[in-house]
Every structure is written in C-alpha cells, then in structure tokens.
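Basically the numbering used here = 1-based index in the sequence shown + 993.
It should be emphasised that the hints constitute simulated quantities derived from the structure, not laboratory data.
Watch out, some of these pointers could steer you wrong.
[Said to hold, decoys possible] Cut-off 27 Å, straight-line C-alpha distance, at most; resulting in silico cross-link-like pairs (BS3-like, lysine-lysine):
{"hint": "1", "residue 1": "1016", "residue 2": "1003"}
{"hint": "2", "residue 1": "1003", "residue 2": "1091"}
{"hint": "3", "residue 1": "1091", "residue 2": "1016"}
{"hint": "4", "residue 1": "1078", "residue 2": "1121"}
[What the hints assert, rightly or not] Just the calculated beta-carbon pair ranges, DEER-fashion:
{"hint": "5", "residue 1": "1105", "residue 2": "1031", "range": "19 to 25 Å"}
{"hint": "6", "residue 1": "1115", "residue 2": "1078", "range": "44 to 50 Å"}
{"hint": "7", "residue 1": "1115", "residue 2": "1010", "range": "21 to 27 Å"}
{"hint": "8", "residue 1": "1011", "residue 2": "1112", "range": "21 to 27 Å"}
{"hint": "9", "residue 1": "1112", "residue 2": "995", "range": "22 to 28 Å"}
{"hint": "10", "residue 1": "1089", "residue 2": "1010", "range": "31 to 37 Å"}
{"hint": "11", "residue 1": "1078", "residue 2": "1003", "range": "17 to 23 Å"}
Built from N, CA and C at the ideal position, the CB exists for glycine as well.
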Amino acid sequence: MPELYYTNFKNEFTADNTTFDVKSSRIDLPVLLGYNILGNTLGVFVGPVASYNLAKEDTFNDFKENARDNFTVGYQFGAQVEISKLILNARYEGAFSKDSRNFINRVSGEEIRYDNRPNLFMIGVGYKF
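Working from the sequences, and respecting the hints, build out all of it.
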C-alpha cells in the first residue's frame, strides 16, 4: 500500500501567559504492512512513517520559532474496508522521535521549547480505478 501525502495541522499551547497557534506542514511517507482478514474486504495495517517538515520558522508577536529537526519518524496502525471500488480507512499515528522546536523572545531572549510531533487520528476515503 504505497503512499506519499501532504499533511497540514495546527497545534495550540500556552507558555508564560502566551498562547501559540502553531501551523505545520510536512510530507509523510508511510511504509505499511497489511493483512487481509476477509479477502479484499477488510484489512489491517501497521508500520513506520517518515516525515519531512516543510515549514522551518514562524514569527508570533515578539517570538521567533525555530524547528530543530527536518526529519521525524513515527508509526501508524489502522484498518481498511473495501466496498466495490470505494476504500475507507482509519488510522492512528504516534511518534518514535520528537519534532523539537523552540520559540525565542526577540526582546528578552527567553526560550520556550516544545515537541510539535502530534498524535493523530486520520480517516481516508479512496476510489479504486
């Protein structure tokens, strides 16, 4: 089940009375192994996912964000149902490695560190040509 996809998500966190809405974009390459349970109708899959971060720095008021890691590695597992030519799947994604980032206050020099690799639940819809 080869895939390559673009992921865009938003994290929100609060530190030192400042709320940050961090938007991230990345390219994901999952390498999943699957097993069909009911012929081609129902299947399960699991495997690693490599992610390349596209956005590297943002600015929020007096803070500048720096991404430390371009590549991160996670895992996915899920299930898929195929009905005629319609494909539905659901999967969970977690992290093996962190996406370490920090915000630096341009006025005071204060640094706030956080991990931007979220746990995700994804739903997919496909059509088999």
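Comparing the hints with the structure gives:
no., hint, in the structure
1, 1016 x 1003, "4 Å, holds"
2, 1003 x 1091, "16 Å, holds"
3, 1091 x 1016, "16 Å, holds"
4, 1078 x 1121, "5 Å, holds"
5, 1105 x 1031: 19 to 25 Å, "49 Å, violated"
6, 1115 x 1078: 44 to 50 Å, "21 Å, violated"
7, 1115 x 1010: 21 to 27 Å, "33 Å, violated"
8, 1011 x 1112: 21 to 27 Å, "24 Å, holds"
9, 1112 x 995: 22 to 28 Å, "24 Å, holds"
10, 1089 x 1010: 31 to 37 Å, "33 Å, holds"
11, 1078 x 1003: 17 to 23 Å, "33 Å, violated"
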